[in-house]
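My request is simple: use the sequences and hints to build the entire structure.
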Amino acid sequence: MLGWIDTIVQGVLLGGLYALFAMGLSLIFGVMRLVNIAHGDLIVLGAYLALVVADTAGLSPVAALAVCVPAMFILGYVLQRGLLNFTLGKDILPPLLVTFGLSIVIQNTLLEAFSADPRSLKLGGFETGSFHLGADMAVGYFPLLVLAVAVGVTVLLELAFGRSSLGRAFRATSDDPEAVQLMGVDDRHVYALATGIALAIVAVAAIFYGIRTTFAPTDGPDRLLFAFEAVIIGGLGSFWGTLAGGIVLGVAQAIGFRIDPGWGVLTGHFAFLAVLLFKPSGLFPKTR
Amino acid sequence: MTNSAQRPRRLEQGNVPAPGDHAPGYNIERATRASRVGAVAAGAGALVLVSMPAWGDSSWMRWVVEFACLLTLAQMWNLLAGYGGVVSIGQQAFLGLGAYALFVLADDVGINPFLCVPLAGLFAAVVAVPTARIVFRLSGGYFAVGTWVVAEVYRLLIANASWLGGGSGKSLAAVREFSKVARESTTYWIALVVALGSVALVYLLLRSRHGLALTSIRDSERASESQGIDVARTKLWVYIVSAAGCGLAGALYFLNTVRISPDAAFNVGWTAYIIFIVVIGGIGTIEGPILGTLIFFVLRGVLADYGSVYLIVLGVVAVVVMVKFPRGLWGFVQERFDLRFFPVQRRVRFF
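Going down the list, the protein sequences come from chains R and E. Position 166 (the first sequence) corresponds to 225 in our numbering; numbering is contiguous. Position 287 (the second sequence) corresponds to 820 in our numbering; numbering is contiguous.
In short, the hints are calculated from the structure, not lab data. Hints may be right or wrong, so weigh each one.
[Said to hold, decoys possible] Pairs of lysine to aspartate or glutamate, EDC-like flavour, derived with a Cα cap of 20 Å:
id	chain 1	residue 1	chain 2	residue 2
1	R	Lys181	R	Asp245
2	R	Lys149	E	Asp752
3	R	Lys149	E	Glu754
Owing to the predicted nature of the structure, the values given are computational and were not obtained by experimental measurement.
Okay, here's the thing in structure tokens:
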């Protein structure tokens with residue numbers, strides 16, 4: 060019994076990471092109805108960026124955040140302004156195919172630059188430290204930190220969306236990009252800011268991901284699918300929903316891994332399919 | 534009828550026929566000069582291809598089989614996305630299921646492996662029905678990623694099934710009882726039938742009223758519905774047809790390689806190739822995927838020694854074409870020269 064509680068606790072903690080993966084995807088879709096197929100590859104790219112920054116500057120990966128977050132923000136802004144903005148419109152095909160192409164380009168560029176060997180980020184002991192809850196259950200400091208950051212990011216995003224003038228611009232542009240232009244808002248700039256912020260969150264998620272497990276150039280697609288499942292399980296339109304979706308996915312995977320290591324990812328997919336079948340609008344839908 | 538026919542004539546020629554004049558005639562043209570010439574040329578080409586086992590090298594035949602598989606996949610994806618507006622990035626699900634159906638039916642059930650190819654297509658179509666029930670709960674971009682998740686589910690289920698060889702896959706034992714020549718030429722002829730059949734199927738489907746319904750759904754679901762088109766049903770049908778085609782192509786491909794693994798069969802790289810082929814060639818045209826497959830093989834030959842650089846080039850080219858020339862190469866040809874080998878539109882000509 061205690062073993063199962065432990066599994067669920069570990070699943071919730073893993074879910075924090077998945078929620079962080081999913082926030083950027085949720086934000087971009089919320090503002091411009093764009094599903095970014097390259098999202099997972101951008102997470103892996105962020106991990107490699109942290110690796111390079113940490114190695115060349117001799118920084119700890121967490122200190123590398125100071126470089127990676129602004130760098131990924133700029134990358135997101137430029138990517139949106141320079142490429143993705145041109146794909147937006149009534150037709151769903153161009154954004155899907157362009158981000159799919161981008162995904163292949165990122166993956167294979169990383170493969171050329173870093174080879175297929177798995178890499179990881181080291182945090183000098185903190186990542187393996189834990190405290191005990193009862194006799195058999197250990198909770199790692201690091202996974203707990205990841206979950207706390209995920210909650211923090213959710214709070215910040217909800218506040219920014221609901222209360223700030225930028226959030227108002229996001230919501231308005233999402234509702235009616237033409238009317239917003241008449242009000243003097245540059246929708247291209249708004250979209251670019253949204254993608255910039257999304258990739259800044261990706262930078263944070265990427266570093267945690269790289270500390271938690273190894274990463275390789277071809278790991279992007281799985282990250283995309285986990286992020287996507289978290290968004291759909293949680294229900295479109297609220298960041299709290301995305302956080303909850305990530306946690307549900309994490310728990311489902313942890314339970315699967317406990318039953319059979321080969322089934323971990325699969326049970327996560329099953330949870331997603333079950334939600335689609337029985338509650339297609341997600342567990343906590345809210346139209347933003 | 535006469536009235537509606539008079540109006541455009543008046544616009545074109547500027548002379549108004551007096552009432553009581555002979556009613557001006559008009560024809561609805563469904564063929565073009567290119568399509569008539571093209572049909573003759575294609576017939577001649579098909580004859581040359583059919584006889585290839587008699588004079589060709591076996592490496593050429595393998596190449597044609599691979600070409601046929603990719604062309605079929607591209608036609609099926611183009612039917613789904615380019616004509617139907619249903620953008621899937623998970624067609625590798627049906628490719629892999631068809632291929633595994635071949636291996637199971639031939640090796641475990643003991644059916645003639647060549648007969649298993651159409652059965653594999655049928656199997657993929659059957660699985661597509663429940664699959665559609667789930668993925669069609671998503672729409673647009675989320676539908677696309679949803680199809681990918683489903684493909685992953687099938688891959689993981691098979692990778693976890695030890696009787697199917699698990700993650701390391703299995704070899705096709707049933708073909709060993711055939712001689713090399715018999716095996717190669719039969720595979721080759723099946724490939725020809727599948728590839729030409731896929732082109733013919735898309736062409737005939739699009740010339741029928743179902744094709745008209747399909748393209749109108751792509752352009753506006755709401756307007757189509759108001760015209761009495763059953764949108765959900767049409768999308769389901771095109772999804773099933775496309776799944777069957779992908780299952781056939783998958784079975785054929787792995788009949789050619791004689792070895793399968795979940796990672797090879799359910800690889801999203803298939804979709805990457807298909808998208809490249811269709812986007813470069815010209816999405817929403819039948820000629821486009823044919824041209825795209827040719828370009829794909831030429832590029833692959835040229836860049837064969839560069840490993841992943843080849844994929845980077847493919848990705849960049851696809852992105853640039855999608856943004857700058859969204860109608861692809863054949864779209865450009867069509868616009869510039871009005872050249873259509875597979876006319877699916879209706880054209881009114883007055884005389």
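Tested hints:
| no. | hint | result |
| --- | --- | --- |
| 1 | R:Lys181 <-> R:Asp245 | 42 Å, violated |
| 2 | R:Lys149 <-> E:Asp752 | 10 Å, holds |
| 3 | R:Lys149 <-> E:Glu754 | 12 Å, holds |
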